[in-house]
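Number of protein chains: 2
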Amino acid sequence: MPITLSHYVLDRWHAPEDPRIETRSAVTGEVVALSASAPPDIAAALRHARRFGGPALRRLNFPQRAGLVRALAEALLARKQELYELGFHAGCTKGDSWFDVDGGAGALFSYASTGRRQLPEGRLLIEGESERLGKAGGFLGQHILTSRQGCAVQINAFNFPVWGLCEKLGPALLAGMPVLIKPATATAYLAERCVRIFLEANALPPGALQLICGPMGNGFDHLDGQDVVSFTGSAATAMKLQRHPVIAREGVRFVAERDSLNASILGPDALPGTPEFALFVGEIVREMTVKAGQKCTAIRRIMVPAALLGDVEGALKQRLGQIQVGDPRRDDVQMGALVSLAQRADVREKIALLRGEASLVFGDPDHIEAKGADAQAGAFLPPILLRCDNVKSASAVHEIEAFGPVATMIPYRDGADAATLANLGGGSLALSVITHDQDFAAALLESSACQHGRVLVLDRDCAAESTGHGAPLPNLLHGGPGRAGGGEEMGGLRGIMHYMQRTAVQGSPAMIARITGEHQPGAPLTTGAEHPFRQRLGQLAIGYTFHTPEREVTLSDIEHFAHFTGDTFYAHMDEAAARANPLFGGRVAHGYLILSFAAGLFVDPAPGPVLANYGLEHLRFIKPLKPGDRMRVALTVKAKKQTKPDMGEARWAVSVTNQDGELVAAYELLTMNAA
Amino acid sequence: MPITLSHYVLDRWHAPEDPRIETRSAVTGEVVALSASAPPDIAAALRHARRFGGPALRRLNFPQRAGLVRALAEALLARKQELYELGFHAGCTKGDSWFDVDGGAGALFSYASTGRRQLPEGRLLIEGESERLGKAGGFLGQHILTSRQGCAVQINAFNFPVWGLCEKLGPALLAGMPVLIKPATATAYLAERCVRIFLEANALPPGALQLICGPMGNGFDHLDGQDVVSFTGSAATAMKLQRHPVIAREGVRFVAERDSLNASILGPDALPGTPEFALFVGEIVREMTVKAGQKCTAIRRIMVPAALLGDVEGALKQRLGQIQVGDPRRDDVQMGALVSLAQRADVREKIALLRGEASLVFGDPDHIEAKGADAQAGAFLPPILLRCDNVKSASAVHEIEAFGPVATMIPYRDGADAATLANLGGGSLALSVITHDQDFAAALLESSACQHGRVLVLDRDCAAESTGHGAPLPNLLHGGPGRAGGGEEMGGLRGIMHYMQRTAVQGSPAMIARITGEHQPGAPLTTGAEHPFRQRLGQLAIGYTFHTPEREVTLSDIEHFAHFTGDTFYAHMDEAAARANPLFGGRVAHGYLILSFAAGLFVDPAPGPVLANYGLEHLRFIKPLKPGDRMRVALTVKAKKQTKPDMGEARWAVSVTNQDGELVAAYELLTMNAA
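Protein chains in written order, with the numbering used here: chain D, 1 to 675; chain P, 1001 to 1675.
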């Protein structure tokens, strides 16, 4: 009994009136799902997202949005078994679904954690420090990022229906943008279930998440300049969408992550018998067989020193010979099916083109054995290994991507040749270099890094923890230049900022402080009778300042400190030598003495809300303090962030000045405070 | 005698065979310049840039590139008089040319300084800290940026032929990318002279700079995925270029900065007589008249509280009445001509459209007086002020940009209304809010920041140093969402990174250290007999480590330190109170005592190459040190950068551990060392 897939728009499910698009099981060929042949009212869905979803998400602060993303991750994990079951229809083994489903939950968890740890407590991201735009310091510039007030339209690929959805949903929600998801038809039943799981978790505000299971129609006509389109899929579709007139006319932010001709390069040092040789063979086999090679990051080009070509070919043949293709439910099957018969036909066509310049050395695209399944009714295909012998005249191997368990070996002469060949791919998502030779890797990176979004250098030292060639990570950039589409996704905060708008704000220190919610140099200070160490986190007012009394730093202080700590550096102890120092011109106090005396001046000793000084940032010693100088300290509340129900972090701007009001040292002090 | 403009490609000037495109003086209508009607061989120029210019620039390190940019700035300043002379033909007053020419040199100087101060010594940008990708710390991820190996194609607007060229050239050269410049025909004679000045400075390597004075022909057909196209100009042209099939097919990075309907909002607090009212009037008049209003950031929409509309109108009329239009060489003229008669015709057309929903309150587009010039032969136009009375039904005022001395007053009800109206522009380069009311400004930013690339909040506090509504700054983002094109330019390092490729690199700590040239946590340490404080900057090897002996921290040390410094915080002094502290559970050593003892352990006291400890970064106290614990320190060379011929900065990774090898504190120490 096939599943009928519904759109979810305007906060309710809309079963299609005419569900006549059939999706068939990759394994049996039976109809698994029926979806609409017509889109819902996408203009209305976009309006709904902008009118309700966006404002609701923007009312939440970053920690609240992080909590929401975490709730989705938990809901997904709790019901992952449903998705594993559906995944079999898509030809996925348990391992394949683990990547997709657990990987998707992992991405959400990672984003929730990034949101909690790296984002502030408010709704606005402050990028970098404010900059003085004038000599007197009365006019500052500060870059901020705020939520874009449009809708994130996320068009996903068929191969990772859950993970691909999560990797984009997490950052958009954290950024405060509502999302309209358009999954690929071939696996829309998995995306639809995933969205049901998310909605049933009751974590999302109205309008925050919508789903279209079917064609987009003229949906792009209704995009505007605050929207973001994030596309994953083929270059041909990406190109068509990117060139839609509305994208350029309205200045819609458009990001594409397209398939690419990823390469893996074996270093010349990695002779048979080395750990790197074995790692290389393992990596190739894994990338060819996981998801039956239907991965945008999978290795398509196997680059091998010419002298090692025979060894690599032998090892790969041996390992690929152990791969059992068949019913993905079976434990004795290592590789399932392609997603559809159409996909298989396409891959076979591409193999035929590749065979124009590469010879088949393993696998036969036309003779298939499928364990426990009908090899013709299901979209099975064995791993196919090709070898390109005439490298000089080859071009198809660098341009044609067979999106299945297919890869081509390409011999190279030396490191420069390897880089040139790798770059012939015209930009890729992922490159791996398997070598223990640091110079080889560094030289290759110098010539090739700019052509790849991610580069894995794999060797014996990192193998135990390596996440592998093909795995994008939420905290690392995913996307690549040129053929890979030029897009950037994930990468921790970078991925979140993608759904926000960067704005340079200029104004007086007081105004910038008000807008950012953080104290700025030159902004007015407030003060009062109470020492700020007596105030709980919630009571601390930004800009509240404690001014200490003055303390003289004597020569005997310096000498005493030197002998006590052991720091008898000549600039503190030897007048003649210190006079020759180009920066001091005489004996000066230790920087650490200044820090220590500063604390002695501003610390309020009795137990109170300040639990600990846990760190310090951006300390600069600006003007030396000489014996007989007098120092004083101003301690100003710069920013704060509640991190737990009962405590949080306070960030203090500290400035130490001398008797002439000149700045001696400046730093930020970090304390943990009771909330 | 008109100037014949040449292309500069393949490292030589190519005078056109058929120079029949005429450019006429904006002031007299005489032919000033003749340019080619056909492009040079752009495919060859791009190949030349990629084959010679790119590699030559990439061989230079960042400080060397910064030096090159500085040399261009100096050459420009030295010959600015030539450009001022040519500028009169473009209708520019001295003040207008000052913005263009001195502004351009200023942008280059600013970039040179950013390059010198904020970029490392090598060729690769390290973005953020490396991240542990596994629990054991044996697998790291690090984002880096490397030069894109293509050509930067920079298509510039007519209004700032020098500044617009410089604002893009500086970042591209710093990033290591060769540049192909295509100026707008109307002022190509200024761009050509500027390029001649740069080339005659003999600072640029072959292939680094090329110029096309004429049409691009089918030049876009030859772009590839490592190229960057940076366009400034009209939305219509931007759209046509952005939709060129090669852009999407090859994944060419395309950035557009388009004209936009910038607004300036007067706060309701800024009553006549307040400093803000006067600032507002001054800002409007300046933006309407500088460059005869031909600025992509100029104020097109003057938003005024309804109650103040009459006052603002009166003040503007009075001030605009003092503006004398005419020959820009004359000292008694405040506003020159538009760039061409075609431009004037276009502006008149737009005014006619605006008059469909706004009434003319100052200036007559058809009656022009031009002091010392022929008002019909020259492209003169007086300042034109319009007023929109029926705001509800108005749309043209938010959509039609008259690119000249034209602006429309729009009354608003309250802050929310002002934000809504401002956002009707659909995305702009610059918004200004003139108010002394922080709450008004902050609320407006919350609703509107995402629609603007830059927001100036102007008030009495920052007026003395304010750079004004219309001035983009090299260290702040220039570009805006939506109608403004969605591009980002300048913004300090951000602008440089635009011409580089971001790549996530994964590998062992040793491998990441080798690739980045900086020590990484977990990378192998080297050591030797010599204390690193005995080594000059050039001798210090990344990873070289000094291990100190152990030192016990006694209770009497803690008490002594407390009384000496005055820091008698209870966690150090009162066992019962410290035991109640959730983080300590007993008396602990002061953080500053640990820092001071650490220095006592690692400092080598005699005069030597280390001149000063000038700062400290990222200090975290990780595990408390209790009385009787023993501490030791490892001091590792993390990174270094020569900043002057005779000295530079060394950055040390410092870790303090206890007798069980547990991490007590970690930080980065900054020293100034002799080179």
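Hint data in this document are derived by calculation from the structure and do not stem from the laboratory.
Take these hints with a grain of salt, some might be off.
[Stated by the list, open to error] Ranges of calculated distance between the beta carbons of each label pair, as one might list FRET restraints:
| id | chain 1 | residue 1 | chain 2 | residue 2 | range |
| --- | --- | --- | --- | --- | --- |
| 1 | D | Ala136 | P | Lys1094 | 22 to 32 Å |
| 2 | P | Arg1117 | D | Ala464 | 38 to 48 Å |
| 3 | P | Ala1674 | D | Gly67 | 34 to 44 Å |
| 4 | P | Ala1044 | D | Arg330 | 55 to 65 Å |
| 5 | P | Arg1579 | D | Pro275 | 35 to 45 Å |
| 6 | P | Arg1286 | D | Ala236 | 23 to 33 Å |
| 7 | P | Ser1556 | D | Ala576 | 26 to 36 Å |
| 8 | D | Asp269 | P | Gly1134 | 36 to 46 Å |
[To be verified] Some chain P residues near chain D, calculated using beta-carbon distances under 8 Å:
| id | residue |
| --- | --- |
| 9 | Gly1426 |
| 10 | Ala1606 |
| 11 | Pro1609 |
By construction, the Cβ of each residue, glycine as well, lies at the ideal position given by its N, Cα and C atoms.
Results of checking the hints against the structure:
no. : hint                             : verdict
1   : D/Ala136 x P/Lys1094: 22 to 32 Å : holds (27 Å)
2   : P/Arg1117 x D/Ala464: 38 to 48 Å : holds (40 Å)
3   : P/Ala1674 x D/Gly67: 34 to 44 Å  : violated (53 Å)
4   : P/Ala1044 x D/Arg330: 55 to 65 Å : holds (59 Å)
5   : P/Arg1579 x D/Pro275: 35 to 45 Å : violated (51 Å)
6   : P/Arg1286 x D/Ala236: 23 to 33 Å : violated (50 Å)
7   : P/Ser1556 x D/Ala576: 26 to 36 Å : holds (34 Å)
8   : D/Asp269 x P/Gly1134: 36 to 46 Å : violated (24 Å)
9   : Gly1426                          : holds (6 Å)
10  : Ala1606                          : holds (6 Å)
11  : Pro1609                          : violated (11 Å)
Violation of the numbered hints given earlier is confined to hints 3, 5, 6, 8 and 11; the remaining hints are satisfied by the structure.
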